[in-house]
Structures are given as C-alpha cells and as structure tokens.
Amino acid sequence: MSYSVTEPSRRQKWVAGILVVFYAVVTLLPLLWIIGTGFKSPEDAIAYPPKMVFQPTVEGYVNLFTTRTRVPEDQLKALGEPTTWYDKLVRKEGVVITGASRFAERFYNSVIIGFGSTVLCITLGTAAAYAFSRFKVPLKDDLLFFILSTRMMPPIAVAIPIFLMFRSLGLSDTHAGMILLYTAVNLSLSVWLLKGFLDEIPIEYEEAALIDGYTRFQAFYKVVLPQAVTGIASTAIFCLIFAWNEYAFAVLLTSGNAQTAPPFIPTIIGVSGQDWPAVAAGATIFLVPVMVFTILLRKHLLRGITFGAVRK
Amino acid sequence: MLHSPIDRVASATPPAIAARVRGLSDRAIAWLFVAPSIVLLLAINIFPLIWTIRLSFTNFRVNRPNAPIEFVGLRNYINILTDNDIWQSMQATAHFLIWTIVLQVLIGFSLAYLINKKFRGNDLWTTIIVLPMMLSPAVVGNFWTFLYQPQIGLFNYVVGFLTGNDPSSFSMIASTSLAPWAIVIVDTWMWTPFVMLICLAGLRSIPNSIYEAAECDRASKWRQFWTITIPMVLPFLMLAVLFRGIENFKMFDLVVQLTGGGPGSITELTSINLKRAAFEQWRTGYASAYAVILFVTVFGLASIYVKALNKVKQR
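Sequence order for the protein chains is Y and B.
Position 45, counted from 1, in the first sequence is what our numbering calls 45; the numbers after and before it change by one each time, with no gaps.
Count along the second sequence starting at 1, add 312, and that's the number in our numbering.
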C-alpha cells in the first residue's frame, strides 16, 4: 500500500471508533429499554431500582391486544379452569379477558394508509420525476421549488381547512382521505428523490428503444422503470416510514374509523396509569418494521435524507 | 416506393422528433405526467392555505356552523400580537430551537467527523445511531415520559447513579426549570443523526487532492481543518440547520406526548398553542390568523437564511 496523507492513522481510527461506539450505545439504550419493557411484568416495569434482569413474560402483549376486567375471587373460581395460555396468564392477575382491544384495528389502519399512500405517492412521483428529468417542462425550476416548498407547511396551519374540506367531501375519518393527505405530504420527497435517481439513468437507453420503434410510454415502462427499481424501492420505504410515523394529522383529522396506531399507543391505560409493558409492546410491534427497513436501506440512507442537499 | 428517402430520414431523426410523429407529443406526455401531482398539491396544500388566509379575517367557529360569519378585519391579528401567552410560546419555541440546533450541530458534526475516519465496522454503528430518527416521534415522546419518571425511570436512575443524586429528587417533566431540557434532550437524541448524515455527505464530497496540496504546502492539521474542512462542510451544515429549523419550528407530536405543554405552559410551543386554539377552544378564525403569522414567520426567516446560504455556497 502506498503512503497517503489523507488516510487516518491507526490511533486516530481507534479513538474515533471508541467515541462513536460509545455514542451508539448510549443512543441504543432507550430503544433496548422499550423492547425490554414489553417483556416485563407490570411489577417489574415499575420496580426500583430499574430491573436489568427479569423473568420475561408476554403479559404486555396480551394486554395490548385485549380488554380485560377485574372480577372477584369467587366469581373467578366459578369460571372454572382457564382454557388458553393467555387466559391463564391474565387469571393470575385476577382479571378476565372481555374482548379484543382496538390495537389490531389501528395497526391495520396504519398498514392500509401507509401502503396505500406509498403506492399512490410513488406512482404520481415517478411520473412527475420522469417528466422533470427528461422533458422540457415549462417553468421547471419554479414547479420543482413549489413542490419542495409544500413540505415547509406546518400540519396544523392547514389542518383546519383540510378538516372542513374533508367534512364537506365526505372524506373525513376515511382511509381514502388519509391516503390522499399523506400522499400530498410525501409527494415532494418522492419527486425530488426519484428525479435524482432517474437523472442518473443514461438517456441513450431510451433513445435506442425509441429508434427500435418503441413509443415513449413503452420506452418508459420497458426500459427506464426496470433500471430505476432500486431507487423506487428506497423512495417507497422513506414514504412509508413518514406515513407510518405521522401523528399530527392522524390525531386532528381522524377519530375512530381511520385512526392509525401512533395516536393509539400513548392511550393504553392500565389499572394505575399507563400500562407500560403494553405501551412498550405496542411501540415494539410498531418499531420493528421500521428498524428492519432502516437496516436494509442503510446504503441509500445518505441519499434519502439529504435529498436536494447533496445536489450541486 | 415503400422505403422512400423521407422514411429513411425519419428513422434517423433524433427521438424527440420521432416521438412526436408517433402518438402523443413529448410536451403532452410531460404535462400528463406532471399534472396529477400538481393538482393534488394544489388541492391539499395551496387551496387550504388560501382558505386559512380567508378565515383569518373572520370570527368563524367550526363548532358553530350555523352562526353568521362576520368579517372582522385585522382584529384576530391584533389580538394575537398583543397576547402575552403567545409571546411566551414564541419565546419557548425560540429557546427550544436555539438549544436543539446548537447541540445537534456540535454533536452531529463531531460524529460525522469521527465516522469519516473510516474505522472498522463504522457502517454498523452508523446504522445504530440513525435508528431513533426513523421512529414515530409521538410514540417515542410517550415512552420517554416513562424513562423520565423519578425513581423508576431509566434516565433518572442513570443520571442519579452518575452524579450521586437521589433519582427521585428531580423530575424532568414536572419541574418548570427542567421540562424545557427534557424536550431538548429527546429531540437531540432523535435528530442528531440527521445532522450527522448531512455532515457526512459534506465531508465525503471534499476531494482528497485538496488535503494533499495543503500537505505539500506544509499546512498544519489544525490549519487544514479550519481552512479546508470547515468551509467545505459549511453549506451542508447550514442546510441541515435549515431543515432542522423548519421541522422544529412546527414541532408538535413529540412535545404533545412528552410534556403536553406543561408544567403550566412552560413548554407550550407555538404549534401546541395553535392546536389548543383551533381544536380545543374552536376559535377557528383566530387560530387561522395565528397559523398565517407562524407561516409568514417561517417563510420570512427561511428565505433570509437561504440568501445567506447561497452567499456561502458561492464563495
């Protein structure tokens, strides 16, 4: 290996490594605590001093998915032996399961709205990005800036008229309404990111296809789209994560039917205040997909976050 | 003749012209592709914004749809600008903005600088550092109230352990002096990675040859840092500050779940204040005027800042 003045020395690498690992561990601690609390019993969750080692239980998860009621001792006995493992688990606490909680429903809403808006956002975004990347669109720079500027709006500033608008269109508290809303919120990110990816695909490929007798449309979906698949996939995941985590619109514009999980998780209440193991269980279920995506996506992370920033 | 010279010329013409001959023109396709996005953004961003501006001059209330709507001129605006509570929210927001940006820039840049030393396994640790910003702020905010509990909370326990204080002697959320810091800490935990990633992009954009040239000129490492690294990363850093500034100015979910604006109204940032007026007191006209004021403030500050940013870029 040749000597380089820009290559850091071994000692520098060691020091840098130790400092970064220290920060990463501190960062990770609250996350591990969330995941760990999900597997604690309610007593262990509020033990003093905080318990690092504990007997794991899925009580939090059972509590998350069910509603329960406390019944007197004799009535409990009259019910006979619990038939399922989860019945057994809650009987120990002197309660019986009375039905399902609304978590599954809310989680389902998150999935529908998250994926629905992502698909729509990618469809509209790819088309617009392709046009911006390949054609002379009048007022191109102004339109691109306009698209970006929509991201600067505070959600609450537009929430009132959207609330009124959705109400008169019959869109309030519906999946369709929330999908449209989240699509609009994420569209700027989608167009800007995808334009970056499409700009990198050489225009010669399409020209060759056009000369071979393809129409523009055919050239677009037979030549350009397959080349852009990784770019589209990582853009889609960013859109999904934003829609997945959104809270302000969800809490202001929905009440029951179309509410997603983020406003629901903080409302999980136990016998005395928040049922922390259940909250942690809900948070964990909700975090896991995003964490998996983040790990899968790490190579594109830099691009996604700095969209527009790295340009020029 | 079937293969006339005209046909041969047509098949050799550039695709732009060829496409116009066959099917839709490029111009039509361009419009067809761009139009749906523009229409959606106009419908869900611009139209509501114009509506907000219109409502801001009225005394309209959403919960009283049948009451007559009166035009009240600038009264809403005057009421807001002379309201002490609102000035207090502005102050709380400014305090929050300044401290989060200072901390996130310092820590974020340092981390990027260290990661750029390319030690072994930095990819894995970078991914771990980035995780918090991928999470839902509302869920995270809610769970941090647990971490902040006196005695049983992890945060209090660790701080108590490190400083030798009794963990139950202080409450980050219930104390008026600590609550603003409780938000600053969580926001810094969540968003430092964002600043870090942008700084990393900046650091990686500096060509090695510049450092090699500086080395030939016998510039010290310290000198290289201040005359090459910092100026080259500055535009990126300023962009990170712009993005974080805009995001934190409209910060809502994290704070609502963490402190809910309390104790008292010490952490009531402008967006929480606005939500209260709009969706709890249902003073729609008044809240609209408030939204317009916030909006103008963000755009005003952002455009002044972007001008400064462009100057730095041109240098």
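None of these hints come from the bench; they were simulated from the model.
Predicted, not measured: the structure shown is a model, and the values here were computed from it.
Hints are not guaranteed to be accurate.
Some but not every residue of chain B turned toward chain Y, in silico, with C-beta under 8 Å [to be verified]:
{"#": "1", "residue": "N357"}
{"#": "2", "residue": "N378"}
{"#": "3", "residue": "L459"}
{"#": "4", "residue": "A590"}
{"#": "5", "residue": "Q593"}
As a list, the in silico BS3-like pairs of lysine-lysine whose alpha-carbon atoms are at most 30 Å apart [to be verified]:
{"#": "6", "chain 1": "B", "residue 1": "K429", "chain 2": "Y", "residue 2": "K140"}
{"#": "7", "chain 1": "Y", "residue 1": "K140", "chain 2": "B", "residue 2": "K623"}
{"#": "8", "chain 1": "B", "residue 1": "K533", "chain 2": "B", "residue 2": "K623"}
{"#": "9", "chain 1": "Y", "residue 1": "K222", "chain 2": "Y", "residue 2": "K299"}
{"#": "10", "chain 1": "Y", "residue 1": "K13", "chain 2": "Y", "residue 2": "K222"}
{"#": "11", "chain 1": "Y", "residue 1": "K13", "chain 2": "B", "residue 2": "K533"}
{"#": "12", "chain 1": "Y", "residue 1": "K77", "chain 2": "Y", "residue 2": "K92"}
{"#": "13", "chain 1": "B", "residue 1": "K619", "chain 2": "B", "residue 2": "K430"}
{"#": "14", "chain 1": "Y", "residue 1": "K136", "chain 2": "B", "residue 2": "K623"}
{"#": "15", "chain 1": "Y", "residue 1": "K13", "chain 2": "B", "residue 2": "K619"}
{"#": "16", "chain 1": "Y", "residue 1": "K136", "chain 2": "B", "residue 2": "K619"}
{"#": "17", "chain 1": "B", "residue 1": "K429", "chain 2": "Y", "residue 2": "K77"}
{"#": "18", "chain 1": "B", "residue 1": "K430", "chain 2": "B", "residue 2": "K533"}
{"#": "19", "chain 1": "B", "residue 1": "K619", "chain 2": "Y", "residue 2": "K140"}
{"#": "20", "chain 1": "B", "residue 1": "K623", "chain 2": "Y", "residue 2": "K13"}
{"#": "21", "chain 1": "B", "residue 1": "K430", "chain 2": "Y", "residue 2": "K140"}
{"#": "22", "chain 1": "B", "residue 1": "K625", "chain 2": "Y", "residue 2": "K136"}
We treat Cβ as the ideally placed atom computed from N, Cα and C, and that holds for glycine.
Hint check results:
| no. | hint | verdict |
| --- | --- | --- |
| 1 | N357 | holds, 4 Å |
| 2 | N378 | violated, 14 Å |
| 3 | L459 | holds, 6 Å |
| 4 | A590 | holds, 6 Å |
| 5 | Q593 | violated, 12 Å |
| 6 | B:K429 / Y:K140 | violated, 40 Å |
| 7 | Y:K140 / B:K623 | holds, 23 Å |
| 8 | B:K533 / B:K623 | holds, 27 Å |
| 9 | Y:K222 / Y:K299 | holds, 26 Å |
| 10 | Y:K13 / Y:K222 | violated, 47 Å |
| 11 | Y:K13 / B:K533 | holds, 16 Å |
| 12 | Y:K77 / Y:K92 | holds, 12 Å |
| 13 | B:K619 / B:K430 | violated, 34 Å |
| 14 | Y:K136 / B:K623 | holds, 29 Å |
| 15 | Y:K13 / B:K619 | violated, 38 Å |
| 16 | Y:K136 / B:K619 | holds, 27 Å |
| 17 | B:K429 / Y:K77 | violated, 66 Å |
| 18 | B:K430 / B:K533 | holds, 18 Å |
| 19 | B:K619 / Y:K140 | holds, 21 Å |
| 20 | B:K623 / Y:K13 | violated, 35 Å |
| 21 | B:K430 / Y:K140 | violated, 39 Å |
| 22 | B:K625 / Y:K136 | holds, 27 Å |
When the structure is compared with the earlier hints, violations turn up for hints 2, 5, 6, 10, 13, 15, 17, 20, 21 and for no others.
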